[in-house]
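Peer 1: The lines below spell out each chain.
Number of protein chains: 2
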Amino acid sequence: MFYQIFPDRFARSGRQNLNLHLQDWGAPPTLHDYMGGDLWGVIERLDHIQSLGINALYFCPVFQSASNHRYHTHDYFKVDPMLGGDEALRSLIDAAHARGMKVVLDGVFNHASRGFFQFNDLLEQGEHSAYRDWFHVSAWPLFPYEHQHPANYEAWWGNRALPKFNTDDRSVREFLWSVAEYWMRWGIDGWRLDVPNEINDDSFWQEFRRRVKAINPEAYIVGEIWGDAQRWLGGDQFDAVMNYNFTRPCLAYFGAQTLDNAMNEASGTGYVSPMDAAAFAGRMSEVTRMYDPEVVQAQLNLLDSHDTARFLSVVSGDVSALTLATTFQMTYVGAPSVYYGDEIGLAGGPDPDCRRAFPWSEPQTWNREIMHHLQMLTAARHHSKALRRGSFDVLHAEGDLLAYRRECGGEYAYVLLNTGQQASDMALDNLAPGQYRDALSGRSYGVGQQQRFSVPGRGALVLVQGL
Amino acid sequence: MFYQIFPDRFARSGRQNLNLHLQDWGAPPTLHDYMGGDLWGVIERLDHIQSLGINALYFCPVFQSASNHRYHTHDYFKVDPMLGGDEALRSLIDAAHARGMKVVLDGVFNHASRGFFQFNDLLEQGEHSAYRDWFHVSAWPLFPYEHQHPANYEAWWGNRALPKFNTDDRSVREFLWSVAEYWMRWGIDGWRLDVPNEINDDSFWQEFRRRVKAINPEAYIVGEIWGDAQRWLGGDQFDAVMNYNFTRPCLAYFGAQTLDNAMNEASGTGYVSPMDAAAFAGRMSEVTRMYDPEVVQAQLNLLDSHDTARFLSVVSGDVSALTLATTFQMTYVGAPSVYYGDEIGLAGGPDPDCRRAFPWSEPQTWNREIMHHLQMLTAARHHSKALRRGSFDVLHAEGDLLAYRRECGGEYAYVLLNTGQQASDMALDNLAPGQYRDALSGRSYGVGQQQRFSVPGRGALVLVQGL
Numbered sequence: 001m002f003y004q005i006f007p008d009r010f011a012r013s014g015r016q017n018l019n020l021h022l023q024d025w026g027a028p029p030t031l032h033d034y035m036g037g038d039l040w041g042v043i044e045r046l047d048h049i050q051s052l053g054i055n056a057l058y059f060c061p062v063f064q065s066a067s068n069h070r071y072h073t074h075d076y077f078k079v080d081p082m083l084g085g086d087e088a089l090r091s092l093i094d095a096a097h098a099r100g101m102k103v104v105l106d107g108v109f110n111h112a113s114r115g116f117f118q119f120n121d122l123l124e125q126g127e128h129s130a131y132r133d134w135f136h137v138s139a140w141p142l143f144p145y146e147h148q149h150p151a152n153y154e155a156w157w158g159n160r161a162l163p164k165f166n167t168d169d170r171s172v173r174e175f176l177w178s179v180a181e182y183w184m185r186w187g188i189d190g191w192r193l194d195v196p197n198e199i200n201d202d203s204f205w206q207e208f209r210r211r212v213k214a215i216n217p218e219a220y221i222v223g224e225i226w227g228d229a230q231r232w233l234g235g236d237q238f239d240a241v242m243n244y245n246f247t248r249p250c251l252a253y254f255g256a257q258t259l260d261n262a263m264n265e266a267s268g269t270g271y272v273s274p275m276d277a278a279a280f281a282g283r284m285s286e287v288t289r290m291y292d293p294e295v296v297q298a299q300l301n302l303l304d305s306h307d308t309a310r311f312l313s314v315v316s317g318d319v320s321a322l323t324l325a326t327t328f329q330m331t332y333v334g335a336p337s338v339y340y341g342d343e344i345g346l347a348g349g350p351d352p353d354c355r356r357a358f359p360w361s362e363p364q365t366w367n368r369e370i371m372h373h374l375q376m377l378t379a380a381r382h383h384s385k386a387l388r389r390g391s392f393d394v395l396h397a398e399g400d401l402l403a404y405r406r407e408c409g410g411e412y413a414y415v416l417l418n419t420g421q422q423a424s425d426m427a428l429d430n431l432a433p434g435q436y437r438d439a440l441s442g443r444s445y446g447v448g449q450q451q452r453f454s455v456p457g458r459g460a461l462v463l464v465q466g467l
Numbered sequence: 001m002f003y004q005i006f007p008d009r010f011a012r013s014g015r016q017n018l019n020l021h022l023q024d025w026g027a028p029p030t031l032h033d034y035m036g037g038d039l040w041g042v043i044e045r046l047d048h049i050q051s052l053g054i055n056a057l058y059f060c061p062v063f064q065s066a067s068n069h070r071y072h073t074h075d076y077f078k079v080d081p082m083l084g085g086d087e088a089l090r091s092l093i094d095a096a097h098a099r100g101m102k103v104v105l106d107g108v109f110n111h112a113s114r115g116f117f118q119f120n121d122l123l124e125q126g127e128h129s130a131y132r133d134w135f136h137v138s139a140w141p142l143f144p145y146e147h148q149h150p151a152n153y154e155a156w157w158g159n160r161a162l163p164k165f166n167t168d169d170r171s172v173r174e175f176l177w178s179v180a181e182y183w184m185r186w187g188i189d190g191w192r193l194d195v196p197n198e199i200n201d202d203s204f205w206q207e208f209r210r211r212v213k214a215i216n217p218e219a220y221i222v223g224e225i226w227g228d229a230q231r232w233l234g235g236d237q238f239d240a241v242m243n244y245n246f247t248r249p250c251l252a253y254f255g256a257q258t259l260d261n262a263m264n265e266a267s268g269t270g271y272v273s274p275m276d277a278a279a280f281a282g283r284m285s286e287v288t289r290m291y292d293p294e295v296v297q298a299q300l301n302l303l304d305s306h307d308t309a310r311f312l313s314v315v316s317g318d319v320s321a322l323t324l325a326t327t328f329q330m331t332y333v334g335a336p337s338v339y340y341g342d343e344i345g346l347a348g349g350p351d352p353d354c355r356r357a358f359p360w361s362e363p364q365t366w367n368r369e370i371m372h373h374l375q376m377l378t379a380a381r382h383h384s385k386a387l388r389r390g391s392f393d394v395l396h397a398e399g400d401l402l403a404y405r406r407e408c409g410g411e412y413a414y415v416l417l418n419t420g421q422q423a424s425d426m427a428l429d430n431l432a433p434g435q436y437r438d439a440l441s442g443r444s445y446g447v448g449q450q451q452r453f454s455v456p457g458r459g460a461l462v463l464v465q466g467l
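Protein chains in written order, with full-length UniProt numbering: chain A, 1 to 467; chain B, 1 to 467.
This is chain A alone, in the form it adopts within the complex (with noise of 0.2 angstroms):
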């Protein structure tokens, strides 16, 4: 289970006294100001996430950027000194080895920034520089500043801010190798791709990952892929992509009464249709059957991220739309990632909003019921094989109502869901019957092969066994 970490927003230490301007902690988000979140921040706030039953921290990048999300490269073999620089990583990878939690960095191949060093040096030489094969020249001189005139050069989403490698070139290749092959030697457990689509090339992801895995056969790639990802999960070369195919329909089931489209339309998720229990669960089957089980049991299963708009805050903060898809996330197969600040109900619209502060300082903010939901669910993932690892098969779909069963090595485990206001008798059959309980009230249910179920509204029953 991941957490997903803003490093400019996430926790700020006491420790990096850079007397810089920063913006006041919990300002509204911008574009361009830093509010000086940092690494050491993260270290002491490892209670918190393991708190939550979190073991993977997936990272937004680290590497030295002129920009607080950080996308734009300027370093790729440093950290960023205001995260606190490579030490503070150093500390960071560690400490949470030391509680037994995986830590998987953002990689961002496919383009660099205005100063990264090799592109710097076109801008300073022009033609005369050495590294005018790295990036992709239509004409001399570059513009990397100056709107009224054509960049010359081309770069991603024609933003000129991020020049685009040329990773035909055999420097380049190797350059970009060589930083997953440095980070991964240093002990990251792993990457997240940036718009790894956008190198439109097998042969450069075959080469990425058979150099990771050469270092750490354990390795976690996990690519941003937005809609079909095939391509990219046939086993040589990512091992799952960020599954926005689980985003989308679990805006439209658990947030069908609530949906502020507008918002989705702002934001990385784009519209969304609004589905019944029926159609979800069409959906979520095939999206089960769209990759090969392994990769399947790999998706990074997000409800939300930096790029789109709070969950909480597309369902118009409507806690119990969010408490439902969190609790189909830690029930449904794959690997669940939780956005920083979601499991205390952080709301943000689209992006900069999505990444304030998290309220450190303002505990009376947070809510309780959400962060308690979040931590009955991942405690029964924890206990329970069915959840983690087992099948998934529908057992009954329609308006409201939803059940579906988890199964693995004998275990079960059945999860009832009503998206309706008001509570809801559920009959299912074909159960195996046996002593379980209900992972969100703590009730014990004796189970036979038939059972008539009441769901609460707007609420769930996950059926774990031995819990």
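Think of the hints as simulated: they come from the structure by calculation, not from any bench. Each hint should be verified, as a subset may be incorrect.
Unchecked claim - Calculated cross-link-like contacts (lysine-lysine; reagent style BS3-like; alpha-carbon spacing at most 25 angstroms):
| no. | chain 1 | residue 1 | chain 2 | residue 2 |
| --- | --- | --- | --- | --- |
| 1 | B | Lys-164 | A | Lys-78 |
| 2 | B | Lys-213 | B | Lys-78 |
| 3 | A | Lys-102 | A | Lys-213 |
| 4 | A | Lys-164 | A | Lys-385 |
| 5 | A | Lys-164 | B | Lys-78 |
| 6 | B | Lys-164 | B | Lys-78 |
| 7 | A | Lys-102 | A | Lys-385 |
| 8 | A | Lys-78 | B | Lys-78 |
| 9 | B | Lys-102 | B | Lys-213 |
Using the hints, position chain B against chain A.
Peer 2: Below, chain B alone, put in the same frame as chain A:
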């Protein structure tokens, strides 16, 4: 005795297979092209350097920089990848130390470059930059590359490629001092400081010294100060400066008949008025007393550098002027510094021509006379405490003829120079009688209290005891 190396042009190893656009080794130097010299190449040529009698290396900048001279620092904590990166410097320092050679690096602390991380943040974030106090901004936005607008930030001599640090800012001071400490801990033996007078703040350099000497009390700190340097040489800032007060008189006297002042004026040296022996002796006696004797002993005495046309070219190719000047340099008070290539008579006009590639593969072009002459003098200097650390007293200075005495702890050396075309006799008295040998001809001299010597035209006697 120092050897000054311009890394891009000294030697290219076969080891850096970077697939980059480089000029051919030996092509005419330009402002923007790289030739690809590297530090592995220096290691491969340590035998050559050591054979010259050199025991210290002074490197023009080696840190990551988008410029062939590397004065535009992009990263103070990283050796340029084209030079072989940190690994090559590590090996070079170890190899040099194993030979008893010191390593001094060039530190550019007054200004950074446009690609330097913290400055790049100003370009990317504008007024929102966390680092906006690191530089001197007069208005927003900044125009780093758009010459039709004012730059809106202070830069070295108005060159917007070189944004000047705000060294009043506490973070900036700590940053720059930490650079100095970092490389001292790495094992370098000192710093040559680029344009340190432009940081108009004694307390900055006082603390710089404290920190450097705390790591290595023997460290050598030499500033690039072209004029009067009293302010920095009081014992609490630098150990020495680049002694251009030595350079100019040498050109004036030894080059009196062949000076190319058009070239001087296009170079760092500026116009030089010819001198006769009396004027030269008077000036050098002043220079010898200009600072505390300990400082004078430490001065970096150079005939030329990366910032001037080469001595041999300024004297219109007159080899005798160079060998006479070298004779003086190696027998005068202070620390002689030989600019790479001077030992083989490499030519070069003002920057960038004075930065030609060392012609390793064309040994037939080397002037062996110059090299042999240098070797005899460095051997004599190694042998003679009087030459290294002795007093300096002019015995005779008239017309073309100059004679001086060096004495240290009862050990004597006498140097007689004749800049005329014909051999001349010189009568000296008050000599320390004894057996001497001329380091240049190898001839023995039984010297009495009074003695008449014949000094060859455009030649010298370097009389050393016990050689």
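Peer 1: With reference to the structure, classify each hint as holding or not holding.
Peer 2: Hints and how they fare:
As the CA atoms of Lys-164 of chain B and Lys-78 of chain A are separated by approximately 24 angstroms, the hinted pair is consistent with the 25 angstroms bound. Under the criterion of a C-alpha separation no larger than 25 angstroms, the hint pairing Lys-213 of chain B with Lys-78 of chain B is consistent with the structure, at around 22 angstroms. The straight-line distance between the Cα atoms of Lys-102 of chain A and Lys-213 of chain A is roughly 16 angstroms, inside the 25 angstroms bound, and the hint therefore holds. Distance restraint check for Lys-164 of chain A and Lys-385 of chain A: the Cα-Cα separation of roughly 43 angstroms exceeds the 25 angstroms cut-off, and the hinted pair is therefore not satisfied.
Annotation: proposed proximity of Lys-164 of chain A to Lys-78 of chain B holds, straight-line Cα distance about 24 angstroms (limit 25 angstroms). At roughly 20 angstroms between alpha-carbon atoms, Lys-164 of chain B and Lys-78 of chain B fall within 25 angstroms of each other, so this suggested pair holds. In summary, the hint linking Lys-102 of chain A to Lys-385 of chain A is supported, as the alpha carbons are separated by about 19 angstroms, within the 25 angstroms threshold. At roughly 10 angstroms between alpha-carbon atoms, Lys-78 of chain A and Lys-78 of chain B fall within 25 angstroms of each other, so this suggested pair holds.
For a cut-off of 25 angstroms, the pair hint linking Lys-102 of chain B to Lys-213 of chain B stands: about 16 angstroms separates their Cα positions.
Going down the numbered hints, you'll see the structure goes against just number 4.
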